[in-house]
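Asks: So the sequences go chain by chain: A and B.
Take the first sequence: its position 150, counting from 1, is numbered 149 in numbering that gives the first Met the number 0, and each next residue is one higher.
Take the second sequence: its position 707, counting from 1, is numbered 706 in numbering that gives the first Met the number 0, and each next residue is one higher.
Don't read these hints as lab results, they were simulated from the structure.
Keep in mind that this is a model prediction, so the values were computed, not measured.
Among the hints, a few may not be true.
Quick list of in silico lysine-lysine cross-link-like pairs, DSBU-like style, CA-CA up to 30 Å [claimed, not checked]: (1) Lys570/B with Lys124/B; (2) Lys50/A with Lys559/B; (3) Lys73/A with Lys559/B.
Pulled from the structure, derived: some chain A residues nowhere near chain B, Cβ distances all over 10 Å [as the list claims (entries may be wrong)]: (4) Val45; (5) Glu64; (6) Trp75; (7) Glu87; (8) Lys142; (9) Asp145; (10) Arg152; (11) Arg200.
From the three backbone atoms N, C-alpha and C, an ideal C-beta is built for every residue, glycine too.
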Amino acid sequence: MNAILPLSHPLAGPNLPRQPRQRQPKSRLVALLLVLAGLVLAGQGVWIHAKAMLAQLLLDRAFAETLATGRAVKPWPWADTWPVARIELPRLGESAVALAGASGQALAFGPGHVPDTPEAGDPGTAVYAAHRDTHFRILREVKPGDEIDVIRRDGRRVAFKVTGTRVALWDVSGIDPRAPGRNLVLATCWPFDATTHGPYRYLVEAEVISPAKAVPPGPLVAEAATGPRR
Amino acid sequence: MTSMRREAPAGLRRAIQFRFGYAALLLSLLLAVLALAVGGRAARAEAAPALVTPAEMQSGALLFRANEKGRYVEAPRLGTDVDLSVSGPTARAHVTQVFQNPTDRWVEAVYVYPLPEDGAVDTLKMVVGDRVITGDIAAREEARRTYEAAKQAGQTAGLVEEERPNLFTTSVANVGPGETVLIQIEYQESVHQSGDRFSLRVPLVVAPRYNPAPVTQGVDFKPGQGGWGQTTTDPVPDRDRITPLVLDPRDDAPVNPVTLTVRLQAGFPLGEVVSANHAVDIETQGPDSRVITMKGPVPANRDFELSWSPAAGAAPSVGLFRETVAGEDYLLAFVTPPVLPQAEDKRPRDVVFVIDNSGSMGGASMDQAKASLLYALGRLSPADRFNVVRFDDTLDVLFPDVVPADAEHLGTATSFVSGLEASGGTEMVPAMKAALSDRGTGGAPRLRQVVFLTDGAIGNEQQLFDTIAAMRGRSRVFMVGIGSAPNTFLMSRAAELGRGTFTQIGAPDQVEARMRALFEKLESPVVTNLSARFSAGGADATPETLPDLYRGEPVVLAAKLASLSGTIEVKGMIGDRPWIVTLPVAQAAEGEGLSKLWARRKIADAEVAQTLGQIDAEQADQRILALALRHHLVTRLTSLVAVDRTPRRPDGATLSRNDIPLDLPAGWDFDKVFGAKPKPEFREAALLLPATARTDAPTAADKPVPVEEVVLPQTATDAELRIMTGLLLLLAGLAAFAFGRRSMGGRA
Numbered sequence: 000m001n002a003i004l005p006l007s008h009p010l011a012g013p014n015l016p017r018q019p020r021q022r023q024p025k026s027r028l029v030a031l032l033l034v035l036a037g038l039v040l041a042g043q044g045v046w047i048h049a050k051a052m053l054a055q056l057l058l059d060r061a062f063a064e065t066l067a068t069g070r071a072v073k074p075w076p077w078a079d080t081w082p083v084a085r086i087e088l089p090r091l092g093e094s095a096v097a098l099a100g101a102s103g104q105a106l107a108f109g110p111g112h113v114p115d116t117p118e119a120g121d122p123g124t125a126v127y128a129a130h131r132d133t134h135f136r137i138l139r140e141v142k143p144g145d146e147i148d149v150i151r152r153d154g155r156r157v158a159f160k161v162t163g164t165r166v167a168l169w170d171v172s173g174i175d176p177r178a179p180g181r182n183l184v185l186a187t188c189w190p191f192d193a194t195t196h197g198p199y200r201y202l203v204e205a206e207v208i209s210p211a212k213a214v215p216p217g218p219l220v221a222e223a224a225t226g227p228r229r
Numbered sequence: 000m001t002s003m004r005r006e007a008p009a010g011l012r013r014a015i016q017f018r019f020g021y022a023a024l025l026l027s028l029l030l031a032v033l034a035l036a037v038g039g040r041a042a043r044a045e046a047a048p049a050l051v052t053p054a055e056m057q058s059g060a061l062l063f064r065a066n067e068k069g070r071y072v073e074a075p076r077l078g079t080d081v082d083l084s085v086s087g088p089t090a091r092a093h094v095t096q097v098f099q100n101p102t103d104r105w106v107e108a109v110y111v112y113p114l115p116e117d118g119a120v121d122t123l124k125m126v127v128g129d130r131v132i133t134g135d136i137a138a139r140e141e142a143r144r145t146y147e148a149a150k151q152a153g154q155t156a157g158l159v160e161e162e163r164p165n166l167f168t169t170s171v172a173n174v175g176p177g178e179t180v181l182i183q184i185e186y187q188e189s190v191h192q193s194g195d196r197f198s199l200r201v202p203l204v205v206a207p208r209y210n211p212a213p214v215t216q217g218v219d220f221k222p223g224q225g226g227w228g229q230t231t232t233d234p235v236p237d238r239d240r241i242t243p244l245v246l247d248p249r250d251d252a253p254v255n256p257v258t259l260t261v262r263l264q265a266g267f268p269l270g271e272v273v274s275a276n277h278a279v280d281i282e283t284q285g286p287d288s289r290v291i292t293m294k295g296p297v298p299a300n301r302d303f304e305l306s307w308s309p310a311a312g313a314a315p316s317v318g319l320f321r322e323t324v325a326g327e328d329y330l331l332a333f334v335t336p337p338v339l340p341q342a343e344d345k346r347p348r349d350v351v352f353v354i355d356n357s358g359s360m361g362g363a364s365m366d367q368a369k370a371s372l373l374y375a376l377g378r379l380s381p382a383d384r385f386n387v388v389r390f391d392d393t394l395d396v397l398f399p400d401v402v403p404a405d406a407e408h409l410g411t412a413t414s415f416v417s418g419l420e421a422s423g424g425t426e427m428v429p430a431m432k433a434a435l436s437d438r439g440t441g442g443a444p445r446l447r448q449v450v451f452l453t454d455g456a457i458g459n460e461q462q463l464f465d466t467i468a469a470m471r472g473r474s475r476v477f478m479v480g481i482g483s484a485p486n487t488f489l490m491s492r493a494a495e496l497g498r499g500t501f502t503q504i505g506a507p508d509q510v511e512a513r514m515r516a517l518f519e520k521l522e523s524p525v526v527t528n529l530s531a532r533f534s535a536g537g538a539d540a541t542p543e544t545l546p547d548l549y550r551g552e553p554v555v556l557a558a559k560l561a562s563l564s565g566t567i568e569v570k571g572m573i574g575d576r577p578w579i580v581t582l583p584v585a586q587a588a589e590g591e592g593l594s595k596l597w598a599r600r601k602i603a604d605a606e607v608a609q610t611l612g613q614i615d616a617e618q619a620d621q622r623i624l625a626l627a628l629r630h631h632l633v634t635r636l637t638s639l640v641a642v643d644r645t646p647r648r649p650d651g652a653t654l655s656r657n658d659i660p661l662d663l664p665a666g667w668d669f670d671k672v673f674g675a676k677p678k679p680e681f682r683e684a685a686l687l688l689p690a691t692a693r694t695d696a697p698t699a700a701d702k703p704v705p706v707e708e709v710v711l712p713q714t715a716t717d718a719e720l721r722i723m724t725g726l727l728l729l730l731a732g733l734a735a736f737a738f739g740r741r742s743m744g745g746r747a
C-alpha cells in the first residue's frame with residue numbers, strides 16, 4: 000500500500016495531469032480482479048453441485064449396465080469407483096446411485112457405500128453416506144415410517160422402513176456393522192444449514208421390511224435408464 | 000493555479016477511491032482466506048477432541064484413551080506365551096495371554112492379535128484365580144450376547160472372535176483391580192512343506208493395514224532408531240523413557256512381551272533347524288526331535304518362523320495320517336511328486352512383475368522387495384517377455400505391453416526399480432487389474448505369470464480376491480510376501496485363486512534363496528490335472544479339485560472317510576508325462592487334530608467358492624456355521640465364549656474398557672506407515688498413535704471396520720461457502736467498478 004500511495008497522492012509531482020488516465024485503468028483492473036476472483040470462487044462452488052448432478056447421469060448409465068451384465072462398470076474411464084446400488088425415496092420421489100467406497104472423491108459424485116459395512120439387505124448394518132448439500136440434502140425431509148428402497152447391483156430390490164433419525168458424532172456413531180437383523184443407515188453432515196465442516200452426522204436409520212427378492216432385470220434396466228428423478 | 004485547485008479535490012477523491020479499491024480487494028481476500036481457514040479449522044478440530052495433557056500422571060506409563068473423551072486410563076499389561084507341539088504333519092499351539100490390570104478399577108481388556116491363516120482355533124480356557132473355565136463355541140452374535148450379559152452382571156468373561164481368518168480379538172470383561180487373568184487358546188495347523196523344507200510360522204504382530212485414500216509421506220527412516228525392533232531388548236518397557244502421550248513406537252520400548260517354545264517331533268531324522276527371525280536355543284532330544292526356545296521374552300513385533308529339513312537322504316516323499324473323532328475317520332495325505340530332470344519343454348514366458356512401493360513398505364521391506372525384483376529380472380532368459388508395474392495409491396506400468404527381455408529393456412527396468420521409494424497408500428486392486436490385463440500371446444503358446452511383491456497390508460482383501468477370480472484368465476499369480484509381518488491370509492488366498500504360489504521373504508538374507516526357489520518353480524513344468532480317487536468311496540475330500548503344483552510342492556489332501564480301507568489313487572501329469580501314485584489307507588499312521596484341519600479347510604473352500612461365485616453368501620454361511628459348530632472352531636460366524644458364573648464385580652463399581660496396544664512390525668517405518676494421518680485398522684491400533692496424530696477428519700472415512708462402530712465420513716462440501724464468498728467478492732468488485740465509473744462520470 001505504501002508503495003502505491005505516492006503515485007496516487009494529489010501532490011505527487013509534475014505528471015499530475017496525466018494521473019487520471021493512469022489511475023482509471025488501475026481501479027478498473029482492481030474491480031476486474033475482484034469480479035474474476037468472485038467468479039472463480041463461486042464457479043468452484045457451483046461446479047461442486049454441477050459435478051454431483053452430472054456424475055449421477057453417468058452413474059445411472061453405468062449402473063444400468065451393471066444391472067444388465069452383473070459386472071461392476073466404471074462410470075467414466077478414469078474413475079476409481081463404480082456404482083453399487085440405487086437408493087430411492089419413493090415418497091419424496093428422489094433417487095441417487097451410490098458408489099463403492101466413501102472417499103472424498105467418491106462422495107463428490109454420489110452417496111458412498113461405507114467400506115466394510117454389508118450390502119443393503121445382507122445381515123448387519125449397511126451404511127451409505129453423502130454430502131448434506133448435494134445428494135443427501137433430502138434426508139432432512141425423511142420421516143420415520145418412510146420407505147427407502149435399495150436396488151443392489153445384483154438387481155435385487157430391498158425395501159426398508161425408516162425407524163428413526165438421530166444426530167451422532169462422526170467417530171462415535173454407535174453404528175455396529177454386525178448388528179443383528181438387516182439394517183440400513185443413511186448418513187450425512189449435520190446441521191443441514193451450516194457452511195463449514197462439523198463433527199456431527201445426521202443418521203436416518205431403517206430396517207428391512209421385505210426380504211430381498213430377485214426382480215426380473217428387464218423392467219429394472221428400463222427404469223434405471225430413465226435417468227435421475229431430480 | 001486554478002487548474003491545480005480544481006485538480007486537488009478530484010485527486011483526493013481519486014486517492015480515496017483508489018485506496019478504497021485496494022482496501023476492498025484486501026478485505027475481500029482476507030475474508031476469503033479467513034472463511035477457508037475457518038472451514039479448515041473446523042474440520043480439524045472435530046477430529047482431535049481429546050488433546051488433553053494428563054497432568055495427574057506422576058511418572059511415565061502407557062496411557063490409552065478411555066471411552067469418555069479426554070480421559071485416559073493406564074493400559075492393562077499383557078504377556079503372551081506360545082507353546083507349539085509339532086508332531087509329524089501337524090502342530091498344536093497353546094497361546095496363553097496374561098492380562099494384568101495395573102489399575103485400581105475393574106477393567107475390560109481387548110486385544111487384537113494374529114494367528115496363522117490356516118489355524119483352526121478350537122479351545123478357549125480362562126483362568127481366574129484358581130478356577131479354570133472352558134469356553135463354548137456359539138454363533139458370533141449369541142456369543143457376543145452371552146459375553147455382554149456376563150459383563151453387565153459383573154462376571155468375569157472371555158470372548159475370542161475372528162476378525163479375519165488370520166486376525167482375532169480376545170476380550171476379557173471384569174478384570175479386578177490388580178488382578179491377573181489368563182486366557183489360553185489352542186489351535187491346530189498343518190506344517191507347510193516345500194521341497195525338503197518344512198516350516199511353521201507364528202505371526203506375532205498385527206500390521207496396521209492400509210485402506211483406500213493415501214497416507215501422507217512422513218520423515219525418512221532413521222537407522223539409529225531401530226532399537227525397538229531388536230529382539231534382545233528388555234521386554235519390560237523402560238517406563239521412565241515413556242512419555243505419557245507420545246506413543247510413537249520408535250520412542251517406546253515395545254509392550255506385549257512374548258515367549259515361545261516349539262516341541263518338534265518331525266517323524267524323520269532331522270537335518271538343519273533354523274529360526275529365520277529370532278535368536279533361539281535348540282536342544283536335541285533324539286534324531287527326530289528338538290525343543291526350540293526363543294531367547295528371552297521378545298516384543299511382539301515380528302513373526303516367528305521355524306523351518307527344518309530332513310537329514311541327508313531321509314526326505315520323505317509320502318505322508319499318510321489318520322485320526323478317528325466321534326466315530327468318524329479323517330485322513331491327511333502328503334505326496335511329493337518326483338522331480339524330473341529339467342524338462343525340455345521350456346515354454347517362453349510372459350512375466351509381469353508388480354512391486355508395492357507404498358508407505359507400509361518403508362524401511363527394510365522396500366529394500367527386500369527391490370532386491371527380489373532385481374534378482375528376478377536377472378533370471379529372465381532372452382526368449383521371455385516381461386513388464387514391470389509399480390503401485391502405491393498411484394500406478395505406473397513401465398512398458399505399454401510386455402517387451403522382450405533384452406539388455407536394453409532390462410536396463411530400463413533395472414534403473415526404474417532401483418529408483419523406487421516407499422510412500423503413499425496401497426491401492427492394490429488397480430495394480431492387480433493392470434497385471435492381469437492380458438493382450439494375448441501373438442501366436443506362440445506362452446506361459447503368463449504375474450509375480451506380485453507386497454506386504455499385503457490392506458484391509459479390502461475381498462476386493463482383491465474378486466479381481467483375481469474375475470480376471471485371472473490364463474495368468475497365474477505368484478504372491479511374494481515381503482517384510483516381517485505380511486498379511487499371509489491375503490497372500491495365500493490370492494495365490495490360491497490365481498493358481499500360483501505364495502513365497503515368504505522375511506529378511507534380507509532370505510531374498511536370494513527364496514527368489515531362487517520361486518524361479519525354479521516358475522521355470523519347472525508344473526504338475527497339472529491332479530485328481531485323487533478313494534477306492535472305498537464316500538470320501539469328502541478337500542480341496543475338491545486339486546490345484547496345480549510347482550516344483551517341490553507336495554499334494555496335500557485332507558478327507559473325511561467312510562471307512563479306513565482301500566486306497567487313494569493320486570493321478571496327474573508332470574509336464575507331458577503321466578504320474579500315478581497309490582496310497583494304502585489302512586497303513587496310515589495315527590495323527591492329531593486332523594478333523595480340525597479338515598474342517599478348517601472345508602471352511603476356506605466355502606469362502607473361496609463364494610468368491611468365485613459358485614455358491615451365494617447364505618449358502619456359504621450355512622456351510623461354515625455347520626462345520627464350525629460341529630468342530631468347535633472360531634470363524635467369522637462363530638466365537639468362543641467363557642463365563643465365570645461367580646459374580647465378582649460389586650454393584651456400583653464401574654467397569655472401564657481398556658485396549659491392549661499393538662506393536663508395529665519391526666522394520667516398519669512409523670512415519671512412513673502413518674505419515675501425519677494414521678490409518679490403523681482397529682481402534683486398538685489407533686491407540687498406539689500419539690493423540691496429536693489423529694487429526695484428519697476426512698480420512699476417517701476410509702477406515703475399515705472398527706471393532707465397535709462405523710466411523711462416518713466427512714459429508715459436507717464447502718460449495719455454499721465458496722459460492723457465498725465468491726458472490727461477496729463479485730459484489731465488492733462490481734461496487735468498486737461502479738464507484739470508479741461514478742467518479743469518472745463526475746469528473747467528466
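Asks: It remains to establish, for every hint, whether it holds in the given structure.
Replies: Status of the hints after comparison with the structure:
With a CA separation close to 43 Å, the supplied pair Lys570/B and Lys124/B exceeds the 30 Å bound. Using a Cα cut-off of 30 Å, the hinted pair Lys50/A and Lys559/B is violated, with the two alpha carbons roughly 58 Å apart. Of the pairs offered as hints, the one joining Lys73/A and Lys559/B is violated, with about 45 Å between alpha carbons and a cut-off of 30 Å exceeded. Remark: the non-interface label on Val45/A conflicts with the geometry, its nearest Cβ contact in chain B lying 6 Å away (cut-off 10 Å).
Annotated as non-interface, Glu64/A keeps its C-beta farther than 10 Å from every C-beta of chain B; the closest such distance is 16 Å. No Cβ of chain B approaches the Cβ of Trp75/A within 10 Å, the least distance being about 15 Å, so the stated non-interface status holds. Distance check on Glu87/A: its Cβ is at least 19 Å (rounded) from any Cβ of chain B, clearing the 10 Å threshold; non-interface status holds. Annotated as non-interface, Lys142/A keeps its C-beta farther than 10 Å from every C-beta of chain B; the closest such distance is 20 Å.
With a least CB separation of 20 Å from chain B, Asp145/A remains clear of the 10 Å interface cut-off, as annotated. The Cβ of Arg152/A sits about 12 Å from the closest Cβ of chain B, beyond the 10 Å cut-off, so the non-interface label holds. Listed as outside the interface, Arg200/A is inconsistent with that label: its C-beta sits roughly 5 Å from the nearest C-beta of chain B, within the 10 Å cut-off.
Going down the numbered hints, you'll see the structure goes against 1, 2, 3, 4, 11, while the others check out.
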